[in-house]
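Undergrad: Below, each chain spelled out in residue letters.
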Amino acid sequence: MRRYLWRRIGLGALTIVATTMLVHLALYLAPGDPIGYLLNGQPATPERIAALRAQYNLDEPFFTRYVSWITGVFQGDLGTSAAFNADVSTLIASRFQTTMYLVLISFVFISVFGLTLGILAGLHKGGIDSFSMATATILSSIPAFVGSFILINVFALQLGWFPAIGGGDGSLSSAISHMTLPAIALAFSAGAFVARTTRASIRVESASEHVVTATVRGIPRNKVVSRHIVRNALLPVISLGGLLFVGLIVSTAFVEQAFAINGIGGLLVVAARQQDFALVQAITLILVISFVVVNLAVDVLYWILDPRIRSEVA
Amino acid sequence: MSLVEIESFTLDVQVVEASARVIHEVSFKLEAGQSIGIVGESGSGKSLTLRAIAGLSPENSVVGGKISFQGEEVSAMDRERLMQYRSSQVAMIFQDPRSAINPVRKVGDFLTENVVTNLGWSKSDAKTKAIEVLTEVGISNPEKQLKAFPSELSGGMLQRVMIASNLLCQPDLLLADEPTTALDVTTQSSVMALIDQLRLSRGMAMIFVSHNLELATAVCDKILVMYAGRIVELLPAENLREKSRHPYTRALLDARPRLDGRQNRLNAIPGQPASGLEWTQGCTFAARCAFAQDICRSEVPVLRKIQESDVACHRADEIDWDVS
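Protein sequences, first through last, are from chains B and E. Going by the working numbering, the first sequence opens with residue 1, and the numbers climb by one from there. Going by the working numbering, the second sequence opens with residue 1, and the numbers climb by one from there.
Next up, chain B with everything else stripped away, as it sits in the complex (with noise of 0.2 Å):
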């Protein structure tokens, strides 16, 4: 088991790396550079201009500047933003927060939502399975953006359960409140996803032998389904959970916008249209940590989950 940890941890941080130079990268070659913006109306006096550069780190060769930055980074200094003339660190801790909860009570309800329909759907057949991937293509077909406007009108306008717009003031249950409609929205496509998915998993390992065999032995039904057929067909979803997880912190940029939500995805929006490069930076950097830990959180539970995984590596 360590070994094969450290070898995921040290895949990761090779992740991290090669993700954050090409990102870097990408900002060195792209056309254009965020001096006009960091100007502000002041006259463009090429001295102005190199002492800004200098300020920013404009000026030096790519690899000083990827150096620079990731030892920066080690600091705990990621950097000033040249959009809004602030500590990075600063803008993001309090953006992230609210992100994070969005995310993580929209993967809530992606859970439930969606292994709910997915088992349901997968278990039986004709009416229910129907019926349940009906609900399940019509929710997916709705971007997210545009489910946002239906719920904020119906459960925040019209019957006002859920405030409107805003990511609350920090705390928990504030968060919960602001947040469930947001999440719900962005819960919509990615638990249609997960349905379909258990659904197919269900299916197949319903059809399996190993199912027969327990059902000639005489176990009860519920406990087949629940030893022997969900137990079985929710690994392979839990790796699809990993990947919609991060998909999700992209994704809140929409429904940011559409709840008027300061967060990460809508800071990412704004950077990257100001080539802020420092602050594109550090959020990417979020974003491939998130991917990493994730993706090594679903290969740890793998590990426990599915014993052919420790006997394959050992």
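Hints were generated in silico from the structure; no laboratory data involved. Please note that a few of the clues may not be correct.
[Claimed, not checked] Calculated pairs, DSS-like style, for lysine-lysine (alpha carbon to alpha carbon, straight line, at most 25 Å):
1) B/K223 x E/K123
2) B/K223 x E/K129
3) E/K106 x E/K123
4) B/K223 x E/K106
5) E/K127 x E/K147
6) B/K223 x E/K29
Once you have looked at the hints, place chain E on chain B.
TA: Relative to chain B, chain E alone:
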């Protein structure tokens, strides 16, 4: 009263809109402690018949006729009785133990699941017994193996685990669905010897489904030959080689490789094996039979007694098989 009595068992499966009969009027009896081998090509209905005895039939299928166990009709059992029947009276061994055992649960959980869940044994009792039966089926270091996962054991070992799991509940009937087909040849014989020995020592009856005629004659009292969902011949195992009368049985015997002397080509049965789905007017084997006459193509032959065999062939008593 026989242990198992099958009377005019039929199975119809729903294919698209229509229903098609895949097993036609299968009847036979099995006495307690006796063993019957069901042989035939793929698609002849061997496994379907076997599974029906355990009350398993494919989805969208209709079972006809009567299958009784100790005089009790299996299809008339309610849920609870059926579970009790399956958990303590019949046991089944499958072709490929690797797919027949849940890969994500420990060997020990697999072994004891039935007795703990259904028969109410305590976990520690079940464990002690499990170690005993694992030793009995020739697995060394049984305590360690209980904690192993199926992927850590070889196919032969897993099949032994499968057999051991069936010994725990002391069933009266063992249903073996090609239990050695997926194993390699050397393992095959030791696993088969084990099944045979355990069966005899415990007085279990067995229905053994196989492609392997030699194996079936070696471990069974009677041989039942099926073709296209019908019984074509039922005879004492020791008679198979020299006294079988159905042209299909003969052709099967003839298709085996010979051990004495070199053979350039195996004698394959001409044509494709028919499945029970294929509707024919007369004998289903007529199209591939060297002895077919007009009557074979127009009338379905019924099983009739000729000496010690039951044969479904119009010409069974005319053909003079030269057995040498």
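Undergrad: Now look at each hint and say whether the structure bears it out.
TA: Going through the hints against the structure:
| no. | hint | in the structure |
| --- | --- | --- |
| 1 | B/K223 x E/K123 | 17 Å, holds |
| 2 | B/K223 x E/K129 | 23 Å, holds |
| 3 | E/K106 x E/K123 | 14 Å, holds |
| 4 | B/K223 x E/K106 | 16 Å, holds |
| 5 | E/K127 x E/K147 | 11 Å, holds |
| 6 | B/K223 x E/K29 | 34 Å, violated |
Checked against the numbered hints above, the structure breaks only hint 6 and satisfies the rest.
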